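> In the order they appear, the protein sequences are chains F and H.
Position one of the first sequence corresponds to residue 1 (my numbering), numbered consecutively onward.
Position one of the second sequence corresponds to residue 1 (my numbering), numbered consecutively onward.
A portion of the hints provided could be inaccurate.
To be verified - For lysine to aspartate or glutamate, the following EDC-like pairs were computed, each having C-alpha atoms within a straight-line distance of at most 16 Å:
hint: 1; chain 1: F; residue 1: K272; chain 2: F; residue 2: E237
hint: 2; chain 1: H; residue 1: K318; chain 2: F; residue 2: D326
hint: 3; chain 1: H; residue 1: K118; chain 2: H; residue 2: D66
hint: 4; chain 1: F; residue 1: K271; chain 2: F; residue 2: E302
hint: 5; chain 1: F; residue 1: K57; chain 2: H; residue 2: D217
hint: 6; chain 1: F; residue 1: K15; chain 2: F; residue 2: E200
hint: 7; chain 1: H; residue 1: K318; chain 2: H; residue 2: D66
hint: 8; chain 1: H; residue 1: K274; chain 2: H; residue 2: E239
hint: 9; chain 1: F; residue 1: K57; chain 2: H; residue 2: D66
In short, the hints are calculated from the structure, not lab data.
Values in this document were obtained by computation on a predicted structure and should not be read as measured data.
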Amino acid sequence: MTTTMETSAPEHLTKTSRGEAVTLLEAISEALFEEMTADESVFLLGEDIGVYGGAFKVTRGFLEHFGANRVIDTPIAEGGFTGAAAGAAHMGLRPVVEIQFMDFISPAYDVITNYIATSLYRGAGPMPLVIRGPVGGGNRGGPFHSQNVEMAFFHTPGLKIVYPSTAYDAKGLLKAAIRDDNPVLFEEHKGLYRAPALREVLPDEDFVVPLGKARTVREGQDLTVVTYGAMVHKSVEAADILDAEDGLSVDIIDLRTLLPMDDDAIVDSVKKTNRLLIVHEDTRTGGIAGEIAMRVSEKAFEWLDAPMLRVTAIDAPVPYSGSLEDYFLPQVDDVVKAARYLAAY
Amino acid sequence: MSDRDSYGLGRKELHELYRALRLTRTAEERLEILQKQGHVTGGLYRSLGQEAGAVGAAFALRRRDDGTGDFLAHTVRAAGALFLFGGDLEDFFRQYMAKGSGPTRGREANVHWFDFQKGFVGPVSPLGTMIEIMAGITLSFRLRGEERIGMVFYGDGASSTGAWHEGLNFAAVQRCPMILMVENNQWAFSTPTHKNTRVASFADKGPGYGIGADSVDGTDVLEVFDTVRRAATLVRSGEGTRMVELRYFRRLGHAQHDPQDYVDPALIAEWEKKDPLDQYRRRLINNEWATESELDAIDSEVFEACRVAAEKVIDEPKPHGPDAVDDVYTDVRVAYPWTRSEAPNPAAART
Ligand SMILES: Cc1ncc(C[n+]2csc(CCOP(=O)(O)OP(=O)(O)O)c2C)c(N)n1
Ligand SMILES: [Mg+2]
C-alpha cells in the first residue's frame, strides 16, 4: 500500500542474522519486522507503538523504518482500532493490532467475538489479522495489568489463540499467525519478554511454527504435565525437583496454540504415562484445564490410573501486593506437590 | 478576572488552597524518595504542573465526611482532589507501598481507593469507565432529589474510549448532575493530544453532547476554582451535565519509567515558568494575602507531615498471602487450590 522507506534494517532488529541470541521480546520484534519487510500488506496499529516504540518497546525503530502509514499510533480506542483492522482485512491488508496491556482488550470484545470471529462463517470472507499484546502476572501490576485473557475468548469459534513460551516459538508462531487467514489472538507473557534464561540463537532463515501443534518440552514416563506460557518454565523447574528428589520422570507438553488445541499430543502422552496434571497461570474455574480434562476423558479415559488434577491461579482478581500475588499465582511447589500426589496414587 | 481578584475567598481559604497544592507536590516528592529506597510497588505517577486543576476544582465542591456531600472520581493526576476530599495521607502511602493496612488491603494500586462517606471513588485502570460510574452515582442523586453533584476526572487520551462517550452521552441525556473535568495535559503516554482528538479545545465537544463546556488555564488555581464553582452552581440547579477542560502540561513522563524523550525540553522549560505553586505563591504574597513566613510555615508543616506519615507506613506489615481469597464474594469463600492445603487427602481429591 505504501513504499517501504529507504533505510537499512536497524541493528537491534537483525540480531539473528548476525548470529546473536535474542530474547523472547526481540524474537517477536524480528517476526514483525521480517513479515512487514516480506509483505507490504502487513501493517501495525496500536497505542504508543510508533514514536515510543510500544509500551514494552516491541516496535522500537519500526516507525522510522516503515513510516507512519504502516505503523499507526492510534487514539486510545481498542474497540475502534480493532474494528478498523477488521475493515482493512476485508480490503486485503493484514493488520497486526497491539493491545498495550491485554487487560484492555475488553472494549474490543464485541467486535472480535461478534464480527471478526464470525466473518468467514457469515460469508464475509476470511479475517487475516493478528491481535497481540502482553499478558500475565508476577509483575506486581495489580488487577488491570496482569490478566491472562485466553479464556474470555476460548469460547469463540472462528478465533485462534496462541501463547508462546520460548523465543523460537514466539517468532515462528507469530510469523505463522500473520500468514494465517484466520483471526489470531496472540498472547505474550510479559515476565518472559526479557527473561535472560530464554535468550537463544535462532536459525537465520525464514521459519514458521505451525499453529495448532503442541511441543514436547521433555520426555518422561511417570506423569504428563500439560501447560503453556510462563507455566512451562515453572513446570520444568518442578520436573527437575521431581527427578532429583523422587526419581520421577515427567512428560511436559507445551500447548503453544490453545485454540485449536492439539488433542493428539495430549492423548498420546497420557496413554504413555497414565497420569495427567494440567498447569495454567489463568484462574481455575473456567480455565483451560477443564476442557483438557474433558477431552482426555473422552479420548483416553481407559488409560488413566489416577484422577486428573490441575494447578492454577486462585479464583480471584489479580492482587497488587507481592505477597498476595505470590499466593494467588501457581508456584513450582504446587506443581511438585500435585505431581507427587499423582505419582503415588 | 484580575490577578488581584480573590473570588470572594478569605485568607483562611486562600491558605487552605495553598496547603492543598503544597501537600500534593510534597507527598508525590516523598513517593519518589520512597521509590528510590525500594518501598514502592508498581508505577509512580506524578501530577507535577497539574496540581492546581485538581485542587481548584475539588475546592469548589461540597466536601463532607458523613456521606451527604458531593462525589469525586479522581485519577493519578488528581491526587490533590483526593486529599481535599479527605483522602488520608498515610493511606496514600499505604496504597503505593501495597500495605495490608491500606484501604484496599494491598489488592489495588496507588490512588485506586474508595471512601463513600467522604465521597470519593477511585478509578480502575481501563480508561473511561469512571464516567459511566459517575453518571450512575449522580443519576441516583437526581432520582432521590438530593442536592449533590459529582465530579469525574479524566485525561485527554481517555476521551478516545467508547466508555467516555457512552458514559458522557448517558449522563447528558439523563441530565445527571455531573461535571466532567478533562485533564488536557497535552499527552497520553507518548501520544500528543492531536492524535487522540481533532478538536482544538475539549470545550468544542460540549455542543456535540448538548452540554455546556468551559475551558480554563489549569495552572491557575483561583481561575479553576471560579470556573468550576460557576459550573457546579448550574449543575446543581438542574442544568445537568457539564464539562470543564483544564489546560496545562504534563511536565514529567507518563510514569517514573518514562524519560519522555519524545517531548521537546524547551516546552517543558516553558511550562515550568507557569508552575501552579510558584504562581499562586507569588500571587498570595503580591496581594498581601499571605506573608512569606506564613507560607514557609505551611511548607514545613506539610513536609513534616509527609515525612512522618511515610516513615510510619514503611514499617507496617505486608498483606498476608492467604487473604488473597477473601472478598471475592460477599457470602462465598473461593476454594483454595487443593495443593495449597496441608498434605493432600486422597479421599478429598477424589470427590
Ligand atoms: C482502555 C485502556 N487502554 C489503554 C490503557 C493504557 N494507558 C494507561 S494511561 C494511558 C494514557 C492516558 O492518557 P490521558 O488519558 O491523557 O491521561 P494522562 O496520563 O495524560 O493523565 C494509557 C494508554 C488504559 N489504561 N486503558
Ligand atoms: Mg493526558
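> Each of the hints needs a verdict: does it hold here or not?
Status of each hint after checking the structure:
1. Under the criterion of a C-alpha separation no larger than 16 Å, the hint pairing F/K272 with F/E237 is inconsistent with the structure, at around 22 Å.
2. Among the hinted pairs, H/K318 with F/D326 is consistent with the structure: their alpha-carbon atoms are about 12 Å apart, no more than 16 Å.
3. Using a Cα cut-off of 16 Å, the hinted pair H/K118 and H/D66 holds, with the two alpha carbons roughly 6 Å apart.
4. Our distance criterion of 16 Å between C-alpha atoms is met by F/K271 and F/E302, whose separation comes to about 9 Å.
5. A C-alpha spacing of about 34 Å is found between F/K57 and H/D217, which places the hinted pair above 16 Å, so the restraint is violated.
6. For a cut-off of 16 Å, the pair hint linking F/K15 to F/E200 stands: about 11 Å separates their Cα positions.
7. Using a Cα cut-off of 16 Å, the hinted pair H/K318 and H/D66 is violated, with the two alpha carbons roughly 30 Å apart.
8. In summary, the hint linking H/K274 to H/E239 is not supported, as the alpha carbons are separated by about 33 Å, beyond the 16 Å threshold.
9. A C-alpha spacing of about 47 Å is found between F/K57 and H/D66, which places the hinted pair above 16 Å, so the restraint is violated.
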